[in-house]
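Visitor: Start from the sequences, fold in the hints, and give me the full structure.
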Amino acid sequence: MTYNDIAWLPVCGGLTAVGLVLTYLAFRRRGAAAGLRAAAWSLLPLAAYLTGAQATLWNIGTAAVSFVTGLVLSPLAWAGVAVAGLSAVLFVVSGAMRGRSLSRARTARPGPAETTPAAPKAETPKKAQTTKAAPRQVEQSAADDFSDIEDILKRRGIG
414 MTYNDIAWLP
424 VCGGLTAVGL
434 VLTYLAFRRR
444 GAAAGLRAAA
454 WSLLPLAAYL
464 TGAQATLWNI
474 GTAAVSFVTG
484 LVLSPLAWAG
494 VAVAGLSAVL
504 FVVSGAMRGR
514 SLSRARTARP
524 GPAETTPAAP
534 KAETPKKAQT
544 TKAAPRQVEQ
554 SAADDFSDIE
564 DILKRRGIG
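Position in the sequence shown (first residue = 1) + 413 = my numbering.
Read the hints as simulated data drawn from the structure, not as lab findings. Predicted model only: the values in this text are computed from it and were never measured. One thing to keep in mind: the hints can contain errors.
[As the list claims (entries may be wrong)] Just the calculated beta-carbon pair ranges, DEER-fashion:
1. Thr464 to Gly508: 50 to 58 Å
2. Ser479 to Ala420: 15 to 23 Å
3. Ile473 to Ser500: 26 to 34 Å
4. Val506 to Arg442: 51 to 59 Å
5. Arg441 to Leu499: 49 to 57 Å
6. Val506 to Ala430: 52 to 60 Å
7. Ala495 to Leu463: 45 to 53 Å
8. Ala509 to Arg442: 21 to 29 Å
For glycine and all other residues, C-beta sits at the position ideal for the given N, C-alpha and C.
Guide: See below:
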């Protein structure tokens, strides 16, 4: 056992002692279940010391701090954040533009394939409606008419 290992004993022992005091308070105030959870957490520093993992945990902590400071101070990281933000803005703008172009396409005049009259559909009995139906638009895009595939195909000039 080296001095470095022995130097960790007061740190781990102190953390365990503070945790056990908090465990006692948790037992008194919140009941046995909360006290047992607090006891489990407060014994972890002593377990880390006894297994020799405190040096590894210290190295992990310093690596995490080094990573975060490197990320915050890195110009490349901030450039990456800026590019990601720009791509998000482009996605939003392109979605809004696409929505406008689709709405313009729906209100545009029908093309030559769409001006041919569709074959009359077979009448199907419909249930009586209790509310008034909204008037249908005269010009309707084939993309909106999912209910009758045959009618869509005939409007597009397919078979």
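Visitor: A range of 50 to 58 Å was offered for this pair. Does it hold for the Cβ distance of Thr464 and Gly508?
Guide: With Cβ atoms ~53 Å apart, the hint holds.
Visitor: Do the Cβ positions of Ala509 and Arg442 conform to the proposed distance bound of 21 to 29 Å?
Guide: violated (54 Å)
Visitor: Hint says 15 to 23 Å; check whether the CB-CB distance for Ser479 and Ala420 agrees.
Guide: Given about 22 Å between the Cβ atoms, the range holds.
Visitor: For the pair Val506 and Ala430, does the Cβ-Cβ distance stay inside 52 to 60 Å?
Guide: Once the Cβ atoms are compared, 59 Å apart, the range 52 to 60 Å for Ala430 and Val506 holds.
Visitor: Is it true that the C-beta distance of Arg441 to Leu499 lies inside 49 to 57 Å, as the hint says?
Guide: Between Arg441 and Leu499, where Cβ atoms are some 56 Å apart, the hint holds.
Visitor: Looking only at beta-carbon atoms, does the pair Val506, Arg442 fall within the given range of 51 to 59 Å?
Guide: holds (55 Å)
Visitor: Note whether the CB distance of Ala495 and Leu463 lies within 45 to 53 Å or breaks it.
Guide: holds (48 Å)
Visitor: Should the hint that Ile473 and Ser500 are 26 to 34 Å apart at their CB atoms be regarded as holding?
Guide: holds (33 Å)
Checked against the numbered hints given earlier, the structure breaks only hint 8 and satisfies all the rest.
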